[in-house]
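Line by line, the protein sequences are chains G and V. According to the numbering used here, the first sequence is numbered sequentially starting from 135. According to the numbering used here, the second sequence is numbered sequentially starting from 1155.
No wet-lab data here; the hints were simulated from the structure. No residue lacks a Cβ here, since even glycine has one placed at the ideal position from N, Cα and C. Treat the hints with care, since some could be wrong.
Listed next, with one range per pair, are the computed distances between beta-carbon atoms [unchecked claim]:
1) P1281(V) x G235(G): 54 to 64 Å
2) T1235(V) x P160(G): 42 to 52 Å
3) A156(G) x A1319(V): 24 to 34 Å
4) E1173(V) x S139(G): 37 to 47 Å
5) G1283(V) x L224(G): 55 to 65 Å
6) I1214(V) x L221(G): 37 to 47 Å
7) A1319(V) x L143(G): 14 to 24 Å
8) L224(G) x T1288(V): 46 to 56 Å
9) L1389(V) x L237(G): 17 to 27 Å
10) G1169(V) x L221(G): 50 to 60 Å
Residues of chain G placed beyond 12 Å of chain V at every Cβ, according to the derived structure [stated by the list, open to error]:
11) P160
12) L162
13) P176
14) T185
15) G198
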Amino acid sequence: MRRRSPEPLVWLLFSAGGMAAALSVPVLLFLFGVAIPLGWLPRPDHAHLLTVLRSPITKLVLFGLCVLALFHWAHRFRYTLYDGLRLKKLSGLIIVFCYGGALAGSAVAGYVLLRA
Amino acid sequence: MADTITMQVARYRPGQEAEPVFQSYDVPLRKEWAVLDGLNHIKDHVDGTLSYRWSCRMGICGSCGMTVNGSPVLSCATFLTDYAPGPVRVEPLRNFPVVRDLVVDIGDFMAKLPSVKPWLIRDDEPPEGEYLQTPDELDDYKKFSMCINCMLCYSACPVYALDPAFVGPAAIALAQRYNLDSRDEGAADRRDVLSSAEGVWACTFVGECSTACPKGVDPAGAIQRYKLTAATHALKDFLLPRGAR
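Same shape as in the complex, but just chain G (with noise of 0.2 Å):
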């Protein structure tokens, strides 16, 4: 029997966070950060907006697109860790620090959704 690694599920994360990121933080930016501050788009009606977050669809998709990217950038801070400040040899502290710093972020974010 060969040794379970979790690295293939750490990594399919790491995959699918880097997908969701990749394909809806550029809109989500994009259409708050520039397009309705600078009066492109009409400025949306605040309690309009409220109710589509408190949506549990709307909640859904932001909860998982926050887990996916902490720990997409978990992931890849690990090997920036390892590879580029040669820091391998504190590799039980680094795992800790970076898949723990994502699910303490994932918990933050449920519970900011869930408070919405």
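Chain G is fixed; fit chain V onto it per the hints.
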């Protein structure tokens, strides 16, 4: 155009030098001369003690890989005029131990290559005649079959530089060349090596292997594709009961 160019060639003669030194040679600068032609000129007319590997001088044999002005290239396919007015700095392939001058020890690659079983694996007897294949089935793996084992990808790979246990770009691309071949049934036999920590999971997708490849093989792409295959298998192992895998 000047009629000569200076080649700074790394020399290492065990017993004579403790570490590599550069030696400069002026060679004729001709439009049709590759770096290898410059080295052959030095060997034939200037300094017969210079050692380097070469054979076909047409980008097929994969034996003349060197580091030219910092980049891993086939010295037969790299023209001196592209480096005019010079100097051209010629060093051995990086990430390999140097045996002498520009000759590196390729033992590590030669040991890794058979570990991924890069040949057709089938249980049945070969048919009378050929195994038939459609053009689409050929296209699935043709790109990966262009590898000439020149090891430029290993020389370019920063992961291999840091972790010599990494199976490496060419070996994984060649494993995929057979995994994606409709005639092959050996994917399961290659899985243990490919999906180990030293296999595809060591790769961080820097992509330098595909940049360096002189034959357009795209080893980085082969590795990424296998990561998905390996991850899918890992999920199946985790989720499905033993019999359904």
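Tested hints:
no., hint, verdict
1, P1281(V) x G235(G): 54 to 64 Å, "56 Å, holds"
2, T1235(V) x P160(G): 42 to 52 Å, "43 Å, holds"
3, A156(G) x A1319(V): 24 to 34 Å, "32 Å, holds"
4, E1173(V) x S139(G): 37 to 47 Å, "39 Å, holds"
5, G1283(V) x L224(G): 55 to 65 Å, "59 Å, holds"
6, I1214(V) x L221(G): 37 to 47 Å, "42 Å, holds"
7, A1319(V) x L143(G): 14 to 24 Å, "22 Å, holds"
8, L224(G) x T1288(V): 46 to 56 Å, "51 Å, holds"
9, L1389(V) x L237(G): 17 to 27 Å, "20 Å, holds"
10, G1169(V) x L221(G): 50 to 60 Å, "39 Å, violated"
11, P160, "21 Å, holds"
12, L162, "25 Å, holds"
13, P176, "42 Å, holds"
14, T185, "37 Å, holds"
15, G198, "18 Å, holds"
Against the hints set out earlier in the document, a violation occurs for number 10 only.
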